Amino acid sequence: MWGGKPHNNNCILPVKQWKRESSQGNRVSELFGAFDTQEEQYKAGWDYIKREFGDSYVLIIDSDEVWEDKDLEKLKERVRQNPDYGAYHCALRTYVKSPFYRISPPERCRPTVVVNGHKVEQILGVRGNGINPILWMDDVFMHHFSYVRSSEDAILEKMQYLSLGDKDDYHKNWFEKYWEKIPNVHNFHPTIGEESSWKSLETVTLNDLPLAVRDNDLVKNGNK
Numbered sequence: 001m002w003g004g005k006p007h008n009n010n011c012i013l014p015v016k017q018w019k020r021e022s023s024q025g026n027r028v029s030e031l032f033g034a035f036d037t038q039e040e041q042y043k044a045g046w047d048y049i050k051r052e053f054g055d056s057y058v059l060i061i062d063s064d065e066v067w068e069d070k071d072l073e074k075l076k077e078r079v080r081q082n083p084d085y086g087a088y089h090c091a092l093r094t095y096v097k098s099p100f101y102r103i104s105p106p107e108r109c110r111p112t113v114v115v116n117g118h119k120v121e122q123i124l125g126v127r128g129n130g131i132n133p134i135l136w137m138d139d140v141f142m143h144h145f146s147y148v149r150s151s152e153d154a155i156l157e158k159m160q161y162l163s164l165g166d167k168d169d170y171h172k173n174w175f176e177k178y179w180e181k182i183p184n185v186h187n188f189h190p191t192i193g194e195e196s197s198w199k200s201l202e203t204v205t206l207n208d209l210p211l212a213v214r215d216n217d218l219v220k221n222g223n224k
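Here the UniProt record's numbering is used: the first residue of the sequence shown is 1, the next is one more, and so on.
Keep in mind that a hint or two might mislead.
Said to hold, decoys possible - Derived lysine-lysine pairs resembling BS3-like cross-links, with alpha carbons at most 25 Å apart:
{"no.": "1", "residue 1": "K97", "residue 2": "K76"}
{"no.": "2", "residue 1": "K158", "residue 2": "K50"}
{"no.": "3", "residue 1": "K97", "residue 2": "K19"}
{"no.": "4", "residue 1": "K177", "residue 2": "K119"}
{"no.": "5", "residue 1": "K220", "residue 2": "K158"}
{"no.": "6", "residue 1": "K19", "residue 2": "K76"}
{"no.": "7", "residue 1": "K119", "residue 2": "K50"}
{"no.": "8", "residue 1": "K199", "residue 2": "K158"}
{"no.": "9", "residue 1": "K220", "residue 2": "K181"}
Unchecked claim - Using C-beta positions, here's what the derived DEER-type ranges look like:
{"no.": "10", "residue 1": "D169", "residue 2": "G130", "range": "34 to 44 Å"}
{"no.": "11", "residue 1": "R214", "residue 2": "E152", "range": "22 to 32 Å"}
{"no.": "12", "residue 1": "G125", "residue 2": "R80", "range": "34 to 44 Å"}
None of these hints come from the bench; they were simulated from the model. Since we're looking at a predicted model, the values are computed, not measured. Virtual Cβ for every residue (Gly too), placed ideally from N, Cα, C.
Given the sequences, and given the hints that come with them, work out the whole structure.
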């Protein structure tokens, strides 16, 4: 973990559960460490992959990001068809406060989701946003439960880590100004200068969510 904390159960527990339940669990390797910055964390992971697997295509995914099969297949096909890029960026379906509140229209952010180890020697920038050339994919979506957590304290902790990792300036009073007003908010992205990227929220149904999260406790409790 970076930011001064060596462990974070939000990341560790899902991996351990997946290893227990999946027939592919024996193929999972866990790396532990404490890093001052997100870049150091990525470098450690990248160095391990390069050392153990050589030149590979690497999928970057956080514990609050979920892929549907159709988009994952589209992503893999797009990468196969375009092997000369260093990084591949997708669009987001972003959720705030509840798994049933989704940013509408989709936000401007297009994160790096695949890095081409055949072309790239090191991860550059925050989550590889300094890698070139880039293939932008506006029709490939990942679900990002960005500000959905089990408690408000967990949201505040996430915001603290974001300010350290993304190196962006965040509105210091964002939580007090917007959180209690959700979903009746507009132009409320917490990054200074990016407010309009989160124009508004739409309410979605259980069927709009990826299958992988429909049995999650937050989803089941919110759907009552």
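Whether the CB-CB distance between D169 and G130 falls inside 34 to 44 Å: Violated - the Cβ-Cβ distance for D169 and G130, about 19 Å, lies outside 34 to 44 Å.
Restraint status (C-alpha distance of K158 to K50 at most 25 Å): Cα-Cα ~29 Å, so violated.
If you draw a straight line from the CA of K177 to the CA of K119, is it 25 Å or shorter? 44 Å, violated
When you check the alpha-carbon spacing of K220 and K158, does it fall within 25 Å? Holds, at about 23 Å.
Are K220 and K181 close enough, with their CA atoms no more than 25 Å apart? 23 Å, holds
Is the distance from the Cβ of R214 to the Cβ of E152 consistent with 22 to 32 Å? 24 Å, holds
Verify the proposed pairing of K97 with K76, using a straight-line Cα cut of 25 Å. The given pair, whose Cα atoms are some 30 Å apart, is violated under the 25 Å limit.
Quick one, are K199 and K158 close enough, alpha carbons at most 25 Å? Given pair K199, K158 holds - Cα atoms ~21 Å apart, limit 25 Å.
Please work out if K19 and K76 have their alpha carbons no farther apart than 25 Å. The given pair, whose Cα atoms are some 23 Å apart, holds under the 25 Å limit.
Sort out whether K50 lies within 25 Å of K119, counting only the CA atoms. 12 Å, holds
Taking 34 to 44 Å as the stated bounds, is the beta-carbon spacing between G125 and R80 within them? 25 Å Cβ-Cβ, so the 34 to 44 Å window is violated.
Sort out whether K19 lies within 25 Å of K97, counting only the CA atoms. Violated, because 28 Å separates the two Cα atoms, which is more than 25 Å.
Checked against the numbered hints above, the structure violates hints 1, 2, 3, 4, 10, 12; every other hint is satisfied.
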